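Student: So you can see what is in the structure, the chains are spelled out below.
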Amino acid sequence: MTVFLIIVVVALFGISAWQISKIFKLSRGADADTTQVANDKDNNLQGKLMLAFVVFLYILTVFCFVQYNSYFLPESASEHGLDYDKLMLISMVLIMFVQIITQGLLHYFSYKYRGKKTNQALYFADNDKLEFIWTIIPVIVLAGLIIYGLFTWTDIMDIDEQEGDPLIVELYAYQFAWRARYAGADKVLGKANVRFIEGVNSLGLDVSDEYAMDDVVTTELHLPVNRKVIFKMRSQDVLHSAYMPFFRAQMNVVPGMITEFSYTPILTSEQMRTSDFMVEKVRTINEIRREKSKELVKKGEEPLEAYAFDYYLLCNKICGVSHYNMQMKIVVESEEDYNEWMKTQKAFKQVAQN
Amino acid sequence: MSAIAHVTDHTDDHADDHGHHHKETFITKYIFSQDHKMISKQYLITGLIMGIIGIAMSILFRMQLAWPEESFGVFEVLLGKWAPEGVMDPNVYLALVTIHGTIMVFFVLTAGLSGTFSNLLIPLQIGARDMASGFLNMVSYWLFFLSSIIMVFSLFIEAGPAAAGWTIYPPLSALPQAMPGSGLGMTLWLSSMAVFIASSLLGSLNYVVTVLNLRTKGMSMTRMPLTIWAFFVTAIIGVVSFPVLFSAALLLIMDRSFGTSFFLSDIYIQGEVLHMQGGSPVLFEHLFWFLGHPEVYIVLLPALGITSEIIATNSRKPIFGYRAMVASILAIAFLSTIVWGHHMFISGMNPFLGSVFTFTTLLIAIPSAVKSFNYITTLWKGNLQMNPAMLFSIGLVSTFITGGLTGIILGDSTLDINVHDTYFVVAHFHLVMGISALYGLFAGVYHWFPKMYGRMMNKNLGYVHFWVTAIGAYGVFFPMHFVGMAGLPRRYYTNTNFPYFDDLADTNVLITMFAIMTATVQLVFLYNFFYSMFYGKKAVQNPWKSNTLEWTTPVEHIHGNWPGEIPSVHRWPYDYSKTDENGEYVIPGQDYVTQITPFQEGEEELHH
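First to last, the sequence lines map onto chains A and B.
Quick note on numbering: the working numbering labels position 200 of the first sequence as 200, and the sequence is numbered without any gaps.
Here the working numbering = 1-based position in the second sequence + 1000.
Hints in this document: simulated from the structure, not taken from any laboratory.
All figures in this text were calculated on a predicted structure; none of them were measured in a lab.
Just so it is clear, CB atoms sit at the ideal spot from N, CA and C, and this is done for glycine as well.
Incorrect hints may appear among the rest.
Unchecked claim - Dumping the calculated DMTMM-like pairs for lysine to aspartate or glutamate here, alpha-carbon to alpha-carbon at most 25 Å:
#1 A/K116 x B/E1584
#2 B/K1537 x A/E220
#3 A/K117 x B/D1580
#4 B/K1381 x A/E220
#5 A/K116 x B/D1591
#6 A/K298 x B/E1556
#7 A/K117 x B/E1584
#8 A/K299 x B/E1069
#9 A/K232 x A/E220
#10 A/K294 x B/D1503
#11 A/K281 x B/D1503
#12 A/K129 x B/D1089
#13 A/K292 x B/D1089
#14 A/K112 x B/D1503
#15 A/K329 x B/D1503
Unchecked claim - From chain A, some residues computed to sit far from chain B (all C-beta separations above 10 Å):
#16 E79
#17 D83
#18 N119
#19 A125
#20 D206
#21 V216
#22 V217
#23 R227
#24 K228
#25 I266
#26 E333
#27 Y338
#28 N339
#29 W341
#30 A352
Please work from the sequences and hints to get the whole structure.
Tutor: As structure tokens, this is what we get:
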């Protein structure tokens, strides 16, 4: 399909280049009509092309929605993400509706009213009623969207540490990797500051703070399913952004302040991995990777590894040369698995003593 | 034509005809010119050259995105040591993205578009002999030229140009330790922008004063063409917001060079704790976007003004809802200064502020919608003359709608969470401000080329230019939305480190193909532009049969614009196809009535 598309593009390009050269020639010759102002013939042709163009636009739209359907993210792996997706769907349907109508009108009018010497335009300068209508309709629709959006926004951003038993995790960013810090048994993150960074204490934990001693620093982010997690984010050097697309979550990580985001994961990594969407997606990806590997092997290079899906967190604020590879694996698992994993991790006290 | 002759006939009195008899040398005419028409051409040519650089850069990094880490001879030639064995270095990728953004937004679409057409059209369309201060106008251009030189020069320094993104957020842009581009490259970027802002302010003040004070007799504010309204309001937004960017740049220079900590706090980098304490990068974001968002409208409003004029002229119809159009421009201008926070929903600022900015941002959709509907209604029952300028104007309305609609998603703080800084954003703003404003620029060049150079551009080349560009622009940016919906972040040197994105690779190739095609066809425009400048068909005085004042000046440029007295204005500029009770044109056999034509007997003033 894509190969075909590329061929089409190249062919179109070739044709346009050929046409251009032809027109170059024509433009040099002595034209009969040299005013360079559009005449009826031009109006006719260009008007028709306008109609053709909106057809192209519609086809492009349908093509993209069909062909790139699998690009859309799978169902949300977090609770608030379900609301997010609903709002996104409503907005999308709305804007596609307006898009199709207005583009249609714009180009159809350009075609329908293409000029002719004998035609006369209508002197139509004002109509208060019409203008009122198309002011008030956007007002009402947008008011609805704004109100809906704001309720969702307030829900997402209202981070209450007292409610329930949230897991508190620090996300720590530096050029060019992430660390996660868990509060440990006392459920309180110890104090930290970049001024304490020294040797193995790479997150700058305050060694004089009791609460810091049982903190656990990890390179993977493990989360128990169905438990609210509150992220406290800290950066060591420049701006970063913790982007977790599968959880509809993102927050900038800013040196000098602590930013927060919270969500409740509702799908484990395993559930997501075995979902119909993801099985199909990973199959496609692995096919692509196998094809690529063949070429690589031919060139005498290492083949690509087969891909298995895992959630990831990526950096989404330009942060320097390796910005494109600043990622961390996220694992969402059952409470038991999470506790098992936590047991295998070392508390800060043990790390600091070694 | 008879109308023009009618007025010029009885203006034999040359008493008012001053200033075009003293001798002009090559230097005063072409280089340090104080004539607004020459300055406008200088802006245009400089803008075009910067545009060539900016677009060429985009092709280079698009090639890297389509074929990551592959070797290209063209990289080796153009990038030299930054593309060892023809493979682009990640630092250079970021530098290209940064300078592409900077050049396109400021140097092409601010100075190249607004600078060119404000200078050309303000005096000509309001009936003034020149700008209020020709000298300041000249200084404004030369400061722009100087800033362009500094920006281009920064490409050639040892450690490379600025590379922290065109938004230059500190601490990345403040610390040379954070990336090579944040050394001398960033210093030059900041110097260049400081000079640019000075240039922009001098220009804008001049435009505002000229529009307010130098309108000819009868040219009331409500008789001004929409172009002038757009330029006027754009200049006001510029005066309000550019100084804030200047302060941001200045404070950043302080942080970088003099040890202050406006934007820096708690930083450990390269094994060292910095002494800066108490600053906030979020403050910089506020200052930057206080300009940054109005900047979008500084770029877009002139384009909308230009197309209003062109669509009315070529539809042979009055622009629909003149007063609503003016009100929309004013509303957009006002709202544009209170929406900057929608770039910062997830910056760590108070979420309550996010709610406020969502509200103001979605409000701005209302005047934008009104404008689009008014354009479409102007076409309705028109007698459309499909000149290249008209095609680009229709194209602008199309991309303005497509790009504007996705703004409803990005302007919603909730929805922004998951598409922020992805390719969805890139697609959105390229369509709504990049492509739209470029279409405005092209439309303006095709339409006013006869006024600038006294010759016509070739229309067939114009058609080719438009159609290939129109298909290419959608081909690049429409699929890009879908890549963004997959959660692909912008400013990634390569996506190969995330196997999840492997299936997007083909689409990236497709986008790059379209980009190369679109960029190549701009050569047709350049050829047409320069060829027509010297060998184009000689223009008549009013080739598009337009109503506005600039077409009452002689084809040959003279200092002072009009020989003899400045014509006075009797009506608004949109009396196209106006008829009397019998359905006859007001002036028999002519479907337009120029602004300098007095009211005919028994004619009614209809538009108020």
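Student: Hint by hint, say whether it matches the structure.
Tutor: Do the hints match the structure? See the list:
1. A/K116 x B/E1584: Within the cut-off at roughly 17 Å; holds.
2. B/K1537 x A/E220: 69 Å, violated
3. A/K117 x B/D1580: It holds: about 20 Å lies between the C-alpha atoms, which stays within 25 Å.
4. B/K1381 x A/E220: 64 Å, violated
5. A/K116 x B/D1591: Holds, because 13 Å separates the two Cα atoms, which is no more than 25 Å.
6. A/K298 x B/E1556: 67 Å, violated
7. A/K117 x B/E1584: 15 Å, holds
8. A/K299 x B/E1069: Satisfied, since the Cα-Cα distance of roughly 15 Å is no more than 25 Å.
9. A/K232 x A/E220: 16 Å, holds
10. A/K294 x B/D1503: 17 Å, holds
11. A/K281 x B/D1503: 9 Å, holds
12. A/K129 x B/D1089: Violated: A/K129 and B/D1089 sit about 59 Å apart, past 25 Å.
13. A/K292 x B/D1089: Status holds; Cα separation ~22 Å.
14. A/K112 x B/D1503: Status violated; Cα separation ~41 Å.
15. A/K329 x B/D1503: This hinted pair holds, its Cα atoms lying about 20 Å apart.
16. E79: Since the minimum Cβ distance to chain B is about 14 Å, A/E79 lies beyond 10 Å and the statement holds.
17. D83: 8 Å, violated
18. N119: 4 Å, violated
19. A125: 4 Å, violated
20. D206: Non-interface label stands for A/D206: nearest chain B Cβ at 13 Å, farther than 10 Å.
21. V216: 21 Å, holds
22. V217: Per Cβ check, A/V217 is outside 10 Å of chain B; nearest 16 Å; holds.
23. R227: For A/R227, whose nearest Cβ neighbour in chain B is about 21 Å away, the distance exceeds 10 Å, so it holds.
24. K228: 17 Å, holds
25. I266: Label holds. Min Cβ-Cβ 16 Å, cutoff 10 Å.
26. E333: Correct as stated: the minimum Cβ-Cβ distance to chain B is 20 Å, above 10 Å.
27. Y338: Holds, because the least Cβ-Cβ distance between A/Y338 and chain B comes to about 23 Å, which exceeds 10 Å.
28. N339: 28 Å, holds
29. W341: 23 Å, holds
30. A352: 18 Å, holds
Checked against the numbered hints above, the structure breaks hints 2, 4, 6, 12, 14, 17, 18 and 19 and satisfies the rest.
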